[in-house]
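Chemist: Got chain A sorted already, so can you dock chain B onto it with the hints?
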Amino acid sequence: MSKLRLRFNPTAFLLIIFFFNSVLRPALALVEDGEGLEEEFTEELLLKPLPDRKVLAHFHFQSSAPPSAANGRHHRLFPKAIAQLARKFQIRELELSFTQGRWNYERWGGFDPMSTANAKPPGVELWAAFDLPLNEIDHTWKNLTHALSGLFCSSINFLESSTAYSAPSWGFHSNSSKLRYGALPREAVCTENLTPWLKLLPCRDKAGIALLLDRPSIYRSHYHSQRLRLISSEFTGIILEQALTVVLQPSMRSNSPASSGYGFLQPSWSVNSLFGKEVVGQCVLAKTSRIFFELEKDLAFKVDKQQPLSSWNNSAFELSVIPNNDIREINAVKNMGSSVLYVFEVSNSNDHMPLDVGIRWKIPLVWSYPQAPFHMNRYLMGSGNERGSIAISLRSTHLLERFSRVSDGCAVHAVIFQVVPWYVKVYYHTLHIFVDGKAQIISDVVRKMKISPSEDKLSPGSMELLLRFPCNIESATLTLDFDKGFLHIDEYPPDANQGFDIPSALVTFPDFHCSRSYQLDDSIYYKSPLLSKFQEGNPVQTYTEVLLVPLTTPDFSMPYNVITFTCTVLALYFGSMLNVLRRRAGEEERLERSKASEKPGLIPLLLSKLFSKLKGKEPESSPPLSTSSSILGPKLVAKVILVGLLAVIWNYYLKNG
Amino acid sequence: MAEISESEPLNPNPDSPGSGASSRRSTMPGTKRLMVTLSVLFPFLAGLPFLLKSTEIYRSPLPFSSIDSLSYRLLPEPPSPPCRLQVVFLRPGIGDSADRLARLISDEVDKRIEGSLTCGSCRRNYAVSVTVDSGNGGCACSGIGEGDPCFWRCGVVDSLGLRNKDEVVDEMLDAALGKGGRCMGSGVGKVYTVLVGESDAQEGVRIVVGKHRHAWVEGNVGENDAALLIANIFIKYFVNGGREEFVAQRKGEFVPVGLDGSVVLSFSLLNADPTDWVYDWNFQKIDEVMLAPVVQALAPVANIQMESQVLYHTPKSSISNWDDKSGGNIFGIGDLPFFVNSNEWHLDTSIAAAGRSKILQFVVYVPSRNECPLLLQLPNGKISKTNGFISPMWGGVIVWNPPECSADSQNKSLIRRTMSPEDLQKIFHVIVGQLRLLFGFKSDYIQDDDMDLINILASEKGFTEWELDVLYRHHACYNLISCTTTLESLSKLVQSLPRMIIMDDIGKQVKYSLEAASLAENNASLGIYDASAASSLQARSLAEDAFFHPSIMSISYSSLEHYFAIYML
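Top line first, the protein sequences correspond to chains A and B. Mapped onto the working numbering, the consecutive letters of the first sequence carry residue numbers 1 to 657. Mapped onto the working numbering, the consecutive letters of the second sequence carry residue numbers 1001 to 1569.
Next up, chain B with everything else stripped away, as it sits in the complex:
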């Protein structure tokens, strides 16, 4: 402090006014220094482009414009494969009115199709043709279908033929219409046939939807009623697969297929307490007899593998209560979230389900003695007939009460049995029903109340041909949309990050995915549903592969600041 006080008086005027003038230099600056500076600066500036070039990142060229055009084409209006409705009137007397009837029916279909513009339905891409087969050689066709081998040949079946047993009629009609294969590639899609025949019985109308692509109506119906009925059958079953609207309108998530197009169905038989009884099953037989046709039918949609195991000491984790009225232990809808005991049920994921494939668990639960019989109570108080439930995208659970549990036996000796073939058949009927539910269909049509007039024949494949058509169409459509959105996101991502490395692999995958997508589109427009589904699946899995390519994951963000920090400084 003392110093400061001392130094203060010493402080002179720091900047004399004259200093500004004298700071100007008196001599001219030499050019030598300038030259040196410039000679350093110039090579640097000249080298800069080379430096920038050397730090450039490799980006495989992606076909952005094709992706854009694909999404521009597909997203607002997904492809609608063509469908064809053929109506055959097996009755004499209305010979000349085929064209009029065709108009009538297509008007009716037009009115109703508004409500079902879901992805994969035929939309407005349908055609109606009417054939009037008057039996004794008289035959009249409305314009479109003449000469096509897929179409009805008059005189093959008469009205009386429809009065046989349903299954017999079904096979007969299938033979008459030519087994689907003949019509492949005709470019107009699958032909769905509705036959209208007469019956002697006066009461009511009988409608049967067959296992193949046809239905028949028996009864005396007027033209307008017939048109209404036919339009109804066509839209509800052949176009929408008998699904409820809310199911159909959900976006594609209902298809439990892995991103690489494979599904593993893992079947587990759980013996809750093996000290009471041990049940075993002959799964290989079921696999060969019951499940193989289902797998074959679903092959274009997914590559399905099956596995089975038997597990023991696997109690459920919810609690059930005894109910005198139903004579069993009751578990309700509220218990279902807690039924699956993930601690004790080691339903391992399989080595077969590597990567991005999907695994669906089907569990047959054998309750222990003290919780047997175990019954599922529906919210309306009734006991469930199937005694099972599904969990979307996970699988299904069925409770199977062994026959020993009703026989209230005191004998504590160990029961070691193999499940009887009849029981297995019942269980696997339910499982196929659950699989249908998981794929978005109704488990069966018996409880279809509003359509009590309609009989629907069940196929031993689990899915009827027309249902499979619907599945293929929807699957193709959703796959295409999902593929498009994935590719679009990829192109947006790539365009938004100019410093992202893009490997050649990705470029190739995108290219192949686009090719597969356009193939699927072509097939869809030609009406080859299964091929379209298969190639759309390929397109989607390739698009996903590109998007989730490990090189993208590793260096998805390298900003400009980063770049300057690394290369410039």
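Next up, chain A with everything else stripped away, as it sits in the complex:
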């Protein structure tokens, strides 16, 4: 890059001179921009058979814009929307992933560049590092979530609330106080998120490798993760990586006849059988367009044992297309085999000669993937709606023994980063650590700890722990007790009875860094962002499961009940109050006595009235009633007038109002 920059400076100077020229003489002339500083786009696809008969397809698209004052304003290949986002919110680095399903670390690997970088927790995960003063970051983060949710048709805007995101200091990525992290484990990911993501590619899904992204086959997959990563700086410009990882199950029926006899033969597949589409030529705007077919270390080792793996057609399998190149990993560890990459150039294909990369197996093989040093699990303990505890368990995969003879002083570090919403009130002092089933003193195991307890309705609780275990442990478990909080009635999400999701915890093993370099000359690395990413590598990291915590849900009709009860009480109160004020007990008793002396009784009287009405007869007492009403005449009239007057006043007042 330094070489490039040196080359750029004279060109920039020329440009300036030219610019002054053109101002003086307002004619447009063309100047070739500095070579190597144009916006670029590459597309790559990595296919890889998995040990459990599934197939992994990893699409990797990379767009880059050189550093320029026009970023965010004028673009050729780079998506304008993203450049504007990076510019407006001063983003240093951003990663957004939409994932459906869970990466199976045991079967699909946990110690290769593929899984460490691309396995993501279910739902949406967003983190961003800003290049802003500290006091502006929270505000910018809120705006960013809204912009992204508009851009990707998703509910990322729920990360706006301060209860939804946290600011990890060292447990997540590097030390940075300008980083914000948020996750929405329950976000449903579907085609409405994929379409805007594809819109950022210059060829969208109209040509090139992205043509394979057939929606039904992608969303049928076992695991599907769509990522967007943005890196921006003054020196490198903006780099946008878009990666889509799917784990597909190839159909079994199209097997070779040998499969009928051999139940364990792996399914043979091709791109067409997986996606229902074929690659017909590259996206013309892509600088490189390649498909890689990878055989994992262990698999390559086993194939090698059958027959030295040299060609694309050997005793173990046969590739459907002749690869343009095959490259081997430069392996540091002996006796573990080295993975093999077959490279297919997409530019050679066209409408008449589609590129349908596939494999036909000839013999059944069983192989495994390199594992992370520990398998992580997280689960809930306890019962009832009041309290419970979270347990994180680490189970050794005996990776360390395979690497080297374990000495006594050997230790392995693990960083646990966990964010818990405020309504799960974790008591961090209840942290217990068990190693191989035996309780440990916390200070023996925990090297470093940063805990920010949750505040009700204000911020989530987050925990960053650096743990140190001896190498030879079998398992370790951490437990934390928590109380379940109460939410306000309108804070419950729809379908509250389903329970609440606690985002995945992230466990990083800083001692283990996985990268993979291949026997290539540097120029191909430069051309292939995917391989250079593999070479760069990542620290090994594992996401745990999402926890589902059932909380006490109120009876949602409760407010109406309360209203009804209150109204009843009020009505009773006022009714009896008025009754007490209006009725005169003494007078009534007197009347009662005088009536009792004349009449048979009130109840027979009322009954007789009722029956006579039921029979449709006029009560015989109509003349006295009419007389009584005539007696009440003036009073009645006065009442009517009063009511009328009130109505008039009311109406008048209303009109004025």
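In short, the hints are calculated from the structure, not lab data. Every value quoted in this text rests on a predicted model; they were computed, and no experiment measured them. Each residue gets a CB set at the ideal place from its N, CA and C atoms; glycine is no exception. Errors might be hidden in some of the hints.
[Unchecked claim] Cut-off 16 Å, straight-line C-alpha distance, at most; resulting in silico cross-link-like pairs (EDC-like, lysine to aspartate or glutamate):
1. A:K425 <-> A:D456
2. A:K362 <-> A:E318
3. A:K206 <-> B:E1344
4. A:K206 <-> A:D351
5. A:K199 <-> B:E1344
6. B:K1461 <-> B:E1167
7. B:K1382 <-> B:D1323
8. A:K277 <-> A:D356
9. A:K199 <-> B:D1348
[Unchecked claim] Label pairs and their computed distance ranges (CB to CB):
10. A:A70 <-> B:K1426: 20 to 26 Å
11. B:D1505 <-> A:G101: 47 to 53 Å
12. A:R229 <-> B:K1508: 42 to 48 Å
13. B:G1030 <-> A:K613: 36 to 42 Å
Modeler: Same frame as chain A, but now just chain B:
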């Protein structure tokens, strides 16, 4: 049933006549009960005003009377900024008749100005002055203009000077009249000058309207004809900006400026099918060289930002047919509504265009090989010269046929080019023309048939000075009217809903909006057109901010019934 039949004979006379008399009470009612009742009632009644006070809603006082007076002042008669016409006769012999000529011309202008009483025109607020410069030191002025630095100084230019090339004359006159700035703040508005010179050539009259605020007439014309011509030029160009009447008479919608006064011009180059050819442009250069002056010129009207992108795989959605006669694929006027393919052309709205600002899309469409050359057919059967069209308030589309498409090449290899500077220049001439159309001017004056005598010099800024004056005047006028109507609606709304909460913010916005509006009015009456346009824009955006304040939107209706239901019951 049996019971009923049984009970019927038992039924006695229910109300004995004596019961009425005996129901009257025999003792006097005690006052104790009355006192208790009253002692409950009285505190309640006494507390009622306090209760009402506590339920009162906060309403920031709005200056209703100022709003009323503003609308009373502006709506029937929008402000007419002053204009000034100066006529210079560069000919000897009519030395004494300056005043007479001035009268003659102002009569002529009077007659014609009736038809152009649109918003933002000078209306009757104009003045005419005549200078007769007889060349050899003789100089006569009609009353008004003497001693003013803006006015013609005799002897600077003579009749012969007008015979140079038009551009040279234009610059010379501009220098002679003093570059606009000198006349700022003179309180009489901009001065428009028409020079009348003589020519040796006998045939006809030549009229040139310059880039600045002047025009000149060459030829031997009589006084009456000259007055007619001058009045025509003044009204048609300097007052109305050369627009057709129907354009000018439409109400202010033609100004595609967002409510906050900003416009984003988004330029997109669409490669319909990149497998045929991929074209690229050097937009930054165009931005700096061609568009920056336009943006600068329009700055008082709108705050303009520019963006560009190149998109691929963007076919149009209408179908074009091959036409042998014109040798190209033809799409007609009827296809235009379907030309823009909103599914595939993701001309994203920009983050820069947040809130209530406006985005104008300019699309350069590069057709694919099988639809190339793509030509727009006008309703009269001719092929459009610009090969583009506009959609008011949305933007414009230009079809650019790459040079490769006529060279019917069989080679299928990918062509990857950058558009040549000449092509770009042509395209952006059309785009500037489209922008002029979107702002309500004619795209250019070449096809001005009825005025074939008149030459109009085009400015490299896209808009000539007198056009900008017209734009500023109209813009200021429409903004003021729109601001007034908005404020009026707000005051009506507020007055009609006594239970509406009005935040202090709204009160402040209304106040500032009124201040900006009166500033705009003042500037307009002083003839400072651009400042008037700028402050009117501010007034309008503040008024809109007040009207669309979120607090109004949230509780715009809380009726009296509601109030009683909440507080009384």
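Chemist: Hint by hint, note whether the structure agrees.
Modeler: Tested hints:
1. A:K425 <-> A:D456: Holds: A:K425 and A:D456 sit about 9 Å apart, inside 16 Å.
2. A:K362 <-> A:E318: holds (8 Å)
3. A:K206 <-> B:E1344: holds (10 Å)
4. A:K206 <-> A:D351: holds (13 Å)
5. A:K199 <-> B:E1344: holds (9 Å)
6. B:K1461 <-> B:E1167: holds (15 Å)
7. B:K1382 <-> B:D1323: Given that 16 Å is the threshold and the Cα spacing comes to 12 Å, the pair holds.
8. A:K277 <-> A:D356: With Cα atoms ~9 Å apart, A:K277 and A:D356 stay inside 16 Å; holds.
9. A:K199 <-> B:D1348: With Cα atoms ~10 Å apart, A:K199 and B:D1348 stay inside 16 Å; holds.
10. A:A70 <-> B:K1426: 20 to 26 Å: The hinted range 20 to 26 Å holds for A:A70 and B:K1426, with Cβ atoms some 23 Å apart.
11. B:D1505 <-> A:G101: 47 to 53 Å: holds (48 Å)
12. A:R229 <-> B:K1508: 42 to 48 Å: holds (44 Å)
13. B:G1030 <-> A:K613: 36 to 42 Å: holds (39 Å)
The structure is consistent with each of the numbered hints, conforming to all of them.
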